[in-house]
Each structure stands twice: as structure tokens, then as C-alpha cells.
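Undergrad: As a plain string of letters, each chain reads:
Protein chains: 2
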Amino acid sequence: MTDDAPNSSTPPGLLPAGLMDLLPPEAEREAVLVETLMAAFAGHGYERVKPPLLEFEDSLLAGSGAAVAEQTFRLMDPVSQRMMGLRADTTPQVARIAATRLGLQPRPLRLCYAGQVLRVRGTQLAPERQLPQTGIELIGSDAPAADAEVALVAAAALAAAGVPSVSLDITLPTMAPALLEAAEVPPALRQRLARALDRKDAASVAALSGEAGPLAAALPVLLAAAGPADGALAALAGVELPPAARAIADNAAAVIAAIRARAPGLRITLDPVEFRGFRYHVGVAFTLYGPGTTGELARGGRYMSLNEEPATGMSLYPDAVLRAAPAPAPRPRVFVPAGTPEAALQALRAQGFATVAALSAADSPKGLRCSHRLVDGRAVPISKEG
Amino acid sequence: MTDDAPNSSTPPGLLPAGLMDLLPPEAEREAVLVETLMAAFAGHGYERVKPPLLEFEDSLLAGSGAAVAEQTFRLMDPVSQRMMGLRADTTPQVARIAATRLGLQPRPLRLCYAGQVLRVRGTQLAPERQLPQTGIELIGSDAPAADAEVALVAAAALAAAGVPSVSLDITLPTMAPALLEAAEVPPALRQRLARALDRKDAASVAALSGEAGPLAAALPVLLAAAGPADGALAALAGVELPPAARAIADNAAAVIAAIRARAPGLRITLDPVEFRGFRYHVGVAFTLYGPGTTGELARGGRYMSLNEEPATGMSLYPDAVLRAAPAPAPRPRVFVPAGTPEAALQALRAQGFATVAALSAADSPKGLRCSHRLVDGRAVPISKEG
Chain H
1 MTDDAPNSST PPGLLPAGLM DLLPPEAERE AVLVETLMAA FAGHGYERVK
51 PPLLEFEDSL LAGSGAAVAE QTFRLMDPVS QRMMGLRADT TPQVARIAAT
101 RLGLQPRPLR LCYAGQVLRV RGTQLAPERQ LPQTGIELIG SDAPAADAEV
151 ALVAAAALAA AGVPSVSLDI TLPTMAPALL EAAEVPPALR QRLARALDRK
201 DAASVAALSG EAGPLAAALP VLLAAAGPAD GALAALAGVE LPPAARAIAD
251 NAAAVIAAIR ARAPGLRITL DPVEFRGFRY HVGVAFTLYG PGTTGELARG
301 GRYMSLNEEP ATGMSLYPDA VLRAAPAPAP RPRVFVPAGT PEAALQALRA
351 QGFATVAALS AADSPKGLRC SHRLVDGRAV PISKEG
Chain E
1 MTDDAPNSST PPGLLPAGLM DLLPPEAERE AVLVETLMAA FAGHGYERVK
51 PPLLEFEDSL LAGSGAAVAE QTFRLMDPVS QRMMGLRADT TPQVARIAAT
101 RLGLQPRPLR LCYAGQVLRV RGTQLAPERQ LPQTGIELIG SDAPAADAEV
151 ALVAAAALAA AGVPSVSLDI TLPTMAPALL EAAEVPPALR QRLARALDRK
201 DAASVAALSG EAGPLAAALP VLLAAAGPAD GALAALAGVE LPPAARAIAD
251 NAAAVIAAIR ARAPGLRITL DPVEFRGFRY HVGVAFTLYG PGTTGELARG
301 GRYMSLNEEP ATGMSLYPDA VLRAAPAPAP RPRVFVPAGT PEAALQALRA
351 QGFATVAALS AADSPKGLRC SHRLVDGRAV PISKEG
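Read top to bottom, the protein sequences are chains H and E.
Counted from 1, the first sequence has number 258 at position 258 by the working numbering; the numbering is strictly sequential.
Counted from 1, the second sequence has number 286 at position 286 by the working numbering; the numbering is strictly sequential.
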């Protein structure tokens, strides 16, 4: 991810690991994509907020922000002499806005955002330390219809961006803990079971849940049930569950039914006992995958916002979406000699051309990477010129 | 600029001085404005780049970046153990990209950018410490037509954003130094003259330039000539100037003629001996002002880029432009009951409505700030309801 200067050994071209320049045409592609996603959110009533990149670390890392504390750059504010953080996630900032400046606005509140997030270290698989992030938060409703809405709006935004087909993976991060809690599994055994679930190690889960007693007997069944939502829901319906776990299962069924009612064609999978990586989610958690191997495009779910407000939301990763969406046709560039009348230039721009002006006799259409030149006042493709 | 929580004394609502949240509808307005400006730049052949928010401080503060060194937040990169800076200006980053990754691309190079810049301290008049910045850089041409182009493209972008009329102020930051240099004015007197010019103190300038000898005699004349470009150009033509100063005057006349040829209606003023605040400009420097008291909307001019490449550019300040541009009509919001068919919702969104779904029986059009409701499948304004 470092950037080698092509023709010098001086340092100006060197960037820190995980930080990079987006060049033409990728930078414009990303910006267009972000605004396409934001327009889809706005069409569903989500109103844009723009929190600052920096804020006091204690407010930035409150609530769900605690999950990214280790990944947050800190710096001293010379004005207040207090520590500030450079955001690693936007959701905690939106929660702060909802609880304070929009605290008196009637619920549910629908907010959306787009901006950059930074993190202290990349990983081997995801080396980037600056990422664009867009997303929606629906705050103040605990209805399954709210969870269904955020998943559907995210899928609609991806469709607007040209991602041909997505699939929605639903997990229930509180299900396994609820089962282990109800079974009164002792802490040491609980840790071993959690690790076995984490590894999806069916043999260990079966053996350990035998030790854990009859109330944990659902675990191997639910581990095996992960897959298309209908099968997983049937497995959930068929096992004996303690009341807290049953409520989680019923809620998942209601969310899936609400999604199905509005998007019958969406592919949905359900993994009832998966609980990795969603540390602050309290109900359903969502991941949207693109087609083929394009990977994870969006992630979200239900969480508890500040002041114990129920909330649900989705974060989309435009850099991943870019890899899954088709590249648009490049903007045609027409070379215009000095003295071309302004009205003619404006007409060309209105047709979608970039007008690239000659500034000296040395400028040529080829040098300026133009696709078109002016012949009798009309833009003519250069390759087709007679 | 701090943010008081409306209904609690807890800290979550408090932001560092000069950092703030943009709320609905301002956040969307700013984003739409930025993309409007960027679309105007793209229409003139400027291609978007997106440098990272953080980079090594030695590359961030090279070249014109030195001008903002004191205003740049620094933080340690734990990966490389080197200091990084959080950008206070985007121009130095674009210069780095032009010199390295785009070093082999034919010139002139037309690049544009949009993003956030941060600075360590605000001022009393401009307390913000995070500002959106957009701009264009035209690298590799020393033609007056290049300077004219960047001023005109910036004015065209402001017009596209709805700013009704702008005026262009041109200064020649190297003119006074060139005169003082040619007159061989001793350093102490030169400093006093510079301060008098800075204060526009005509009496002192007259007295001090008398002491400085005949070659400095142009200074009081040029100070008095500041104003509409035609008069200032006439004054420049009428005074005796040493060769270096004459070249600067001729170049200014050529730039103004090139602007006039393409935008005869643009109001242009010229202040030949003004040189404040443009420390790295080497030819003409530009400021674009909005109508009335809306103030400075854009600033730029000619500078020397990395590898001694001639360059010229403009930076636009969307927060200032927002104050000068008319506010668009708010997006109409239509309240849609649960179960409204998807096709009907899509049709409403295609008409420009935000569809705001009821999630529970408690949701009402008024509570969700809707302007419209559905009656017989059509959106009807709520205030006009029978």
C-alpha cells in the first residue's frame, strides 16, 4: 500500500502503510457511488448528518464506540488540552447527535452519513487505514419492521449502485449467550463452548454441550442449521429453547417475514449461533454480500443507542461496493481549440462532455487524453476520424 | 462553536471548539453543493483525485505545504514510528500526486479534489477547525490562458451552485517585492514600506518611497490605482517600471484580457501592490467574492509546484459558498402506511419524494415531519388536506 515515486528516489511519493491516493478515474467513481448510496437513503426518508472527523475521545468512545477504542487515533487538542480521537466509526457519533442535538425530535429518527474513517492499524486482509463509510441509523423503534427496513434500504442502495445481486446473512449474536446463560453453564465450560462455536467445530460443540446439560442441547442443532433462512427458522422452531432464546428466535422470524413481504427475491441466510465481530449488537445482526467473491459490502444490526434507546442500522463500505459494481463508461473528453465560443463549450458540457481547452500550440488531443475533437463545431470521436 | 446538550448535563453533546455537527438539512445541502462544484470542474476536464487525510509530515509540509505547517495537527504513526500530519490544505497533496504518481502523464494536468481539511486553531473571525475544501489545480502550463481558465472555471462552478454574481479580485504578490528589489531599497526601509503597504497607508507609502529613490516612485501610484481592472491596468501602463515589474504587469494584463475574452460580464478588480496572505504565489493571485457581504468564496493563483513545474489553481470553500447560494426547496416527505406496495413507493421516490414508512401505530405524518400523505395512492400535501 505504499506508493513508489515512478521517476525519483525522493520521499514525496511515499505514503504511510494503508493510506493511499485514489487517482482518476477511481476517485470520481467512488464519489459518484457514495452520492448514489446517499440518494437511495434520502429517498427512504433518511436525513444526512455530518459529524466532525475529530471529537473528544470520551464522547467518541462512549456506547458502541468502545468497540473501536483500540483502533482510534488520539491527539491532544491544544485549545482545550483534552484528548481527541479521529473517528474509526461513524455510528457512535450519530448516536451522540440523536441523543443530544436531536434529542427532542420525535422518534423514530432516520439519519444517514457519509465520510472517512481512520484506524490505527490495518490487517493483513484489509490493510487500509482510511476507509470511506456510509450508512443509515434508525433510532427509537424496537419493531422488527425497523430491522427489516434498514436491511432493505441497504440492499436497495446497493441495487441503485449497480450491484447485480446481494445476499443477506443474518446472525443472532445474543442467541448462544442466552442459551448458555439459561443452562447455567459454568464459566470455564462456557468459554470452551464459545471458542468451539467460534471455530464452527461441530464435534466439540456436540461433546461440550453434552457436558453442559439438557438446556444446551439446542446448540449443536442450531450450529448445523446455519444456511438458507427457511431451514434455519424451521430448526429454531423445532428445538426446545428457554424463554429468552425463544424470544430471540421469534424476533428473527418476524424480521425475516417483514423482509420477505417486501423483497421476496432477496436471498437470506441465517446462522443462529454465530456471534463473532458484532460485539455491540443486541438483536439481529446483518451482513450483505455481493455476488461471487466480492465479499462483505455492508454490515449492521440492532443495538442499544445512548439513553437506552433501541436502534438499528447498516454501514456500507464504498471501497468494497466499488469492486462489486460495474465501472461506468468514462466521461468523453473533447479537445477544444482556443477561441471556441463559450456557447458551444456550454452545449458540449450539457451533453456530458468534458471540454479540455488547448492552452498553447503544444497541446494536442492525444496528449490531453481526449476521446473527441471538434469538427465543424461538433464533437467527433478521434478514433473514427477520417 | 461548542454544542450544548439540550436536555442533559452529560458530556456527550460537547464538541471541541471549532468542530461541529452539520444537521439536516444543512449536511445534505453542503454535500449537494460540493458535488455541484465538482461536476462543474469535471465538465472542464479536471479529473478527481483523493489523497488520504493523513500522510507523512515531511511530504505534507513540502512546497506550498510549508505555509500551513503551524496549522497542521501531527500524530505518531505506530506502524512506521514516523510523524504524520492531518492535512490543513489539499494543494500540497495534489502537487505530490502530480509530481510522483502522475509524473509521466503529459502536461498540462488538470486535477480537482474535494475533502475535509483540519487546522490546529481557529481565529476569532473564522473559528472553524474543520472545513470542507474543493478546488482545481492546472499543472504544467505557464500561459496566461491557464490562469484565466482556473479563475473562469471557479466562477462557472459558483454560478452552477447558484451564486448570483461574483467578482474577481486580482493581486500581484510579487510586484511590490520586485519594485523594492530593483530600487535596491535597504532592508530596514523595505520593511517599513512593506508594513505601510500592508496597512494601505498612502501617506507613509508616499513619504517612504520618496526616501527609497526614483525606482520606488511607482509604489504610491500603484497603491492608489487599486480598483476596477481597467483603471489599475492603465496606471500600470503609465508608470515607469523596472523590467521584472514590467513583466509582472504585462502578464497581469494578458491574464485579464484572456478572462475578458471569455467572460465579458465578470467584474474584475486589480490591486497591484497588495501582497498579504498569498505567501507562495508567484504570479497573479485570485480571490472570488460573492454578492453583498457574503465574503470570500474562493482563492488561488499561480505557484511553483514540485520539480519547479509552473502551476495555477483555485480553492473553493463550500461553507462560505453555502452562505452565498440560495437554499434549495426541502425534499418533500410522504408518510406511507405499512403494506404500501413496493411499486408505489418506488414511483414516489422517482418523483423526488422521500418515502417515510410507518413502523408502528404510534407513527404519524406530523411526528415524522412529513409534508405529504398518501390518499388513494397519490401524495397529497398535508396542509391542503380537506
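These aren't lab readings, by the way, just hints derived from the structure by calculation.
Please note: incorrect hints may appear among the correct ones.
[Stated by the list, open to error] Every beta carbon over 10 angstroms from chain E, so not counted as near; a handful from chain H, in silico:
| id | residue |
| --- | --- |
| 1 | G18 |
| 2 | P24 |
| 3 | A31 |
| 4 | R82 |
| 5 | A99 |
| 6 | R101 |
| 7 | D169 |
| 8 | A178 |
| 9 | D198 |
| 10 | A202 |
| 11 | V239 |
| 12 | Y289 |
| 13 | T355 |
| 14 | D363 |
| 15 | G367 |
[Claimed, not checked] Per the computed footprint, the stretches of chain E lying under chain H, defined by three or more beta-carbons under 8 angstroms from a beta-carbon of chain H, are:
| id | stretch |
| --- | --- |
| 16 | 159-173 |
| 17 | 220-234 |
| 18 | 283-289 |
All residues carry an ideal CB built from backbone N, CA and C; glycine is no exception.
Undergrad: Hint by hint, where does the structure go against what was stated? Just the numbers, ascending.
TA: 1, 2, 3, 4, 5, 6, 13, 14, 15, 16, 17 and 18
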